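Listed below are the residues making up each chain.
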Amino acid sequence: MPNSAGKRFKPTKYIPVSTAATLLVGSTTLFFVFTCPWLMKVISPAVPLYNGLVFLFVLANFSMATFMDPGIYPRADEDEDKDDDFRAPLYKNVEIKGIQVRMKWCATCHFYRPPRCSHCSVCDNCVEDFDHHCPWVNNCIGRRNYRYFFLFLLSLSVHMVGVFSFGLIFVLHHREKLGGLHTTVTMVVMCIAGLFFIPVMGLTGFHMVLVARGRTTNEQVTGKFRGGVNPFTKGCCGNVEYVLCSPLAPRYVLDPRKRPHVKIQPPFIRPDLSDQQITIKVSDNGMHSTITNSKSKSSIDGLDGKETQPPLPPKADRYNQLKGQLTSSEESSLSGKTHPSTPAMYRFKPSFGTMPKVHYHTAGEKIVMPDGRKNSAILEEGVRSDYRSEPNLDLPEYANAPLHRTFQSSPHQLDADPTNSHTLSLKQGHRRPEKGQLQALPPQTVASTAYKGVFSPNTLSNRNGSLSYDSLLNPSISPASANECMAHRGMPSMGFHSPYLPTKMCHIRESEIHRQQVAQTYSPVMPPRGLGRQSPHLRDREPSPVRYDNLSQTIMASIQERKEKEEREKRQMLHGRSQTHIYVQDSGVFDAGYGPPANASFLDGPRGHGSRGPTPPAYGGSRDNLMGVGLANYGQRTPVLRHAGTTLGRAPRTSSTSLHTDHSSSNSSQGRAPSHEGSYRSPTHKPRSPAMPRSPSYSHQKLSYISAHDRTDSPRLGGQRYES
Amino acid sequence: MAETHSLQDMRQQAAVAAKVFIQRDYSNGTMCQFQTKFPSELETKIDKQQFEETIRTLNNLYAEAEKLGSQSLIEGCLACLTAYTVFLCMETHYEKVLKKIAKYIQEQNDKIYAPRGLLLTDPIERGLRVIEITIYEDRSFSR
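Taken in sequence, the protein lines are chains Z and A.
Take 1 as the starting number for the first sequence in UniProt numbering and just add one per residue.
Take 1 as the starting number for the second sequence in UniProt numbering and just add one per residue.
Because the hints were derived from the structure by calculation, they are not lab data.
Nothing here was measured: the structure is a model prediction, and the numbers come from that model.
Cβ atoms here follow ideal geometry from the backbone N, Cα and C, with glycine treated the same way.
Treat the hints with caution; some may be incorrect.
[Said to hold, decoys possible] Lysine-lysine pairs mimicking DSBU-like chemistry, simulated, CA-CA at most 30 Å apart:
hint, chain 1, residue 1, chain 2, residue 2
1, Z, K97, A, K67
2, Z, K97, A, K37
3, Z, K234, A, K19
4, A, K19, Z, K263
5, A, K37, Z, K263
6, Z, K263, A, K100
7, A, K111, A, K37
8, Z, K92, A, K48
9, A, K111, Z, K104
10, A, K103, Z, K104
11, A, K99, Z, K234
12, A, K67, A, K100
13, Z, K97, A, K111
14, A, K48, Z, K224
15, A, K48, Z, K97
16, Z, K224, Z, K13
17, A, K37, A, K96
18, Z, K263, A, K96
19, A, K111, Z, K234
20, A, K111, A, K67
21, A, K99, A, K19
22, A, K19, Z, K92
23, A, K103, Z, K263
24, Z, K234, A, K48
25, A, K100, A, K111
26, A, K111, A, K99
27, Z, K13, Z, K97
28, Z, K263, A, K67
29, Z, K92, A, K67
[Unchecked claim] Among the chain Z residues that face chain A by a calculated CB cut under 8 Å, a handful are:
hint, residue
30, E78
31, Y242
32, V262
33, P271
Please build the complete structure, drawing on both the sequences and the hints.
And the structure:
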């Protein structure tokens, strides 16, 4: 008789079962001792055999009904009912074969009782297919032991009938010796049998009807299906078959068995994000930060093949890939625009070459791309490097690495293709080295972390990161980054000191930790231009520097170089001041100078130059959109990236407006660009602020060119990057 | 002890992030079937097809366990004839299928769910009421 755990010993509950057992065994024993020998002699030996078998059957079923687990449900774990306990409704409806069945919440067991389940107050357990609690066996009758109980009833009835009948025969044959021992005992046995005959037969008949109708005692007594249909019936034959022939149900309350230990260790495989998923992330921007974070993480993992590198590099790579996709699309759209920028880029390129290219090899790697696809590849690389540059911007290491790389790549690229390809290559060079560097330089991670801290919407960026997938879908983003790169590149190409700007900027970047500042300067520049969105807020956002880096090392290098040249003297002063301010100013100046001319050349390079003014707002807007997307991308990847993304979004408005606007304008569709720009701006602005004043005009022009180039290139780059 | 060892292993495992419970599908009565609806929490963790395949296989296995076939009939008759002493030495049909299910779940965990940071819990431990899927945090741990 299973008892609930913790119940104290109650002897009274054993009285019925003891009585029943005693009566059953005792009576039958007496029958066998006193009546059966004569019956065996007179009638047949088969009589005691038959009675013996029946009695054995009765005993077996009685034991099973008494000792078998009726189907007790174990208590639900706390995890399962976390939400249900306090807020859950008392009943839960479930449809079974078209009929509504109510499931009641069990407060003791902490789950909604499955259909036909009931809680036994005596046993303090929920029992599956609860029939009733039988005191004669001191056990609940449920799914597992109902068959034995039913068979017990049947066999007991048969046994009682047999005992009574044979006793009667004996007594009738011993009427003259009624006082004899055997006769007396037989009569007592007959009386017991006769006494319990009615209840047992009654119960047996009752259960036979229940089995035929497919109901439990509980359901019958509570009148559940009084007027309605029983959804659990399988027809008369089916029900009988179910009761008698179904396999023995398993025990649920099992001994704690040793579960095979499954090792679960990250990183985990993630499924390919479907478009739908990405879409969801976008729309839920801000809502599912955690989800997207995980998603972005997953996506990141997926992209990185479960890399366990510091967050920055993998994310940067990923972002670059994403950007690559985007830029590729942008490229196609911007191909036309790259023409005007080509000369600038071309001009700019040599400067890169002059830079001491520590990471030249990385750039070279990129340049290795097949000539035929050089442009696209270059773009991709550039885009990638942009990503990297984000973190680089934040930290000197970052700056150095990407800058160098970009510069290195640029010369190559120049050689490769004087026009678009150059710019593209520049970007690539920037991008690749940046990326590689990111990975190679753990400090970059730190830098990115710094960005993270600055960049408030880290979570947002995570979401954005996931959005980066979206950005993949929306080529708007990547081109933005690409454009930014181009813009940066354009700066040098503007002719200021273009050939040397990149290198110088690289140097400057290295030496400066104010890359962020430079980037920020860009952002402020943007707003003045009219983007407005990104007004100094962007600057304040530190992530933008990251993006600035991502835009393109070449561009940044050129910009920085410009700035540094002009502000070398000021730098110390600027350092004293808040860099942001400086940058803002610079950016403003830069913007101003940059804006109109840059816009003109940059934005309208293909289109027309005068659009700078009006364009920035347009860009800003587009960029904002893009940046929003890009931000997502950034955020996802790494903190730096996030910053980049966000800054990009914002960047277009501020100093980077000049750059970004150009980018954004071109990248408006790309989305990524803004993000790039934003981030790009912040880091760059900071360091740039000194540089900005130096060559605002240049920067503008260059940026415009660069951006134009970037724009055209970014799509390609993005696309390629993504492929890579 | 193996248990201790497993505890140590568990400590080194990823932390539990969330749990998803796949409820029973009672549309066909009380036969053991689980809902194949793909929970939203697993959207980023595992492919829908894979998940549904797992649940469908489990449902089929449980249907096989509860089938009123010849094997269950023979078992019942034998049990009756031997006064149920046969249960002391023989495994019932349902128990055999449960072992098969446990093996299947273990295999699914090892191959598909654990690499994705998920863990299926055998529903028999929950009274065949729910399939508990534990979602682990996706963070690289340093062991």
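Verification of the supplied hints:
1. Z:K97 / A:K67: Given pair K97 (chain Z), K67 (chain A) holds - Cα atoms ~19 Å apart, limit 30 Å.
2. Z:K97 / A:K37: holds (18 Å)
3. Z:K234 / A:K19: Between K234 (chain Z) and K19 (chain A) the Cα gap is close to 36 Å, so the pair fails against 30 Å, i.e. violated.
4. A:K19 / Z:K263: holds (17 Å)
5. A:K37 / Z:K263: At roughly 27 Å apart (the allowed maximum being 30 Å), K263 (chain Z) and K37 (chain A) satisfy the hint.
6. Z:K263 / A:K100: holds (21 Å)
7. A:K111 / A:K37: Holds, at about 22 Å.
8. Z:K92 / A:K48: holds (27 Å)
9. A:K111 / Z:K104: Given pair K111 (chain A), K104 (chain Z) is violated - Cα atoms ~38 Å apart, limit 30 Å.
10. A:K103 / Z:K104: Status violated; Cα separation ~33 Å.
11. A:K99 / Z:K234: Cα-Cα ~28 Å, so holds.
12. A:K67 / A:K100: holds (15 Å)
13. Z:K97 / A:K111: violated (36 Å)
14. A:K48 / Z:K224: violated (39 Å)
15. A:K48 / Z:K97: holds (27 Å)
16. Z:K224 / Z:K13: It holds: about 29 Å lies between the C-alpha atoms, which stays within 30 Å.
17. A:K37 / A:K96: holds (27 Å)
18. Z:K263 / A:K96: Distance ~26 Å between K263 (chain Z) and K96 (chain A) Cα, so the pair holds.
19. A:K111 / Z:K234: violated (39 Å)
20. A:K111 / A:K67: holds (29 Å)
21. A:K99 / A:K19: Status holds; Cα separation ~24 Å.
22. A:K19 / Z:K92: holds (21 Å)
23. A:K103 / Z:K263: holds (16 Å)
24. Z:K234 / A:K48: Given that 30 Å is the threshold and the Cα spacing comes to 34 Å, the pair is violated.
25. A:K100 / A:K111: holds (16 Å)
26. A:K111 / A:K99: holds (18 Å)
27. Z:K13 / Z:K97: Status violated; Cα separation ~40 Å.
28. Z:K263 / A:K67: violated (34 Å)
29. Z:K92 / A:K67: holds (28 Å)
30. E78: Since chain A brings no Cβ nearer than about 10 Å to E78 (chain Z), farther than 8 Å, the hint is violated.
31. Y242: holds (7 Å)
32. V262: holds (5 Å)
33. P271: holds (5 Å)
Violation of the numbered hints given earlier is confined to hints 3, 9, 10, 13, 14, 19, 24, 27, 28, 30; the remaining hints are satisfied by the structure.
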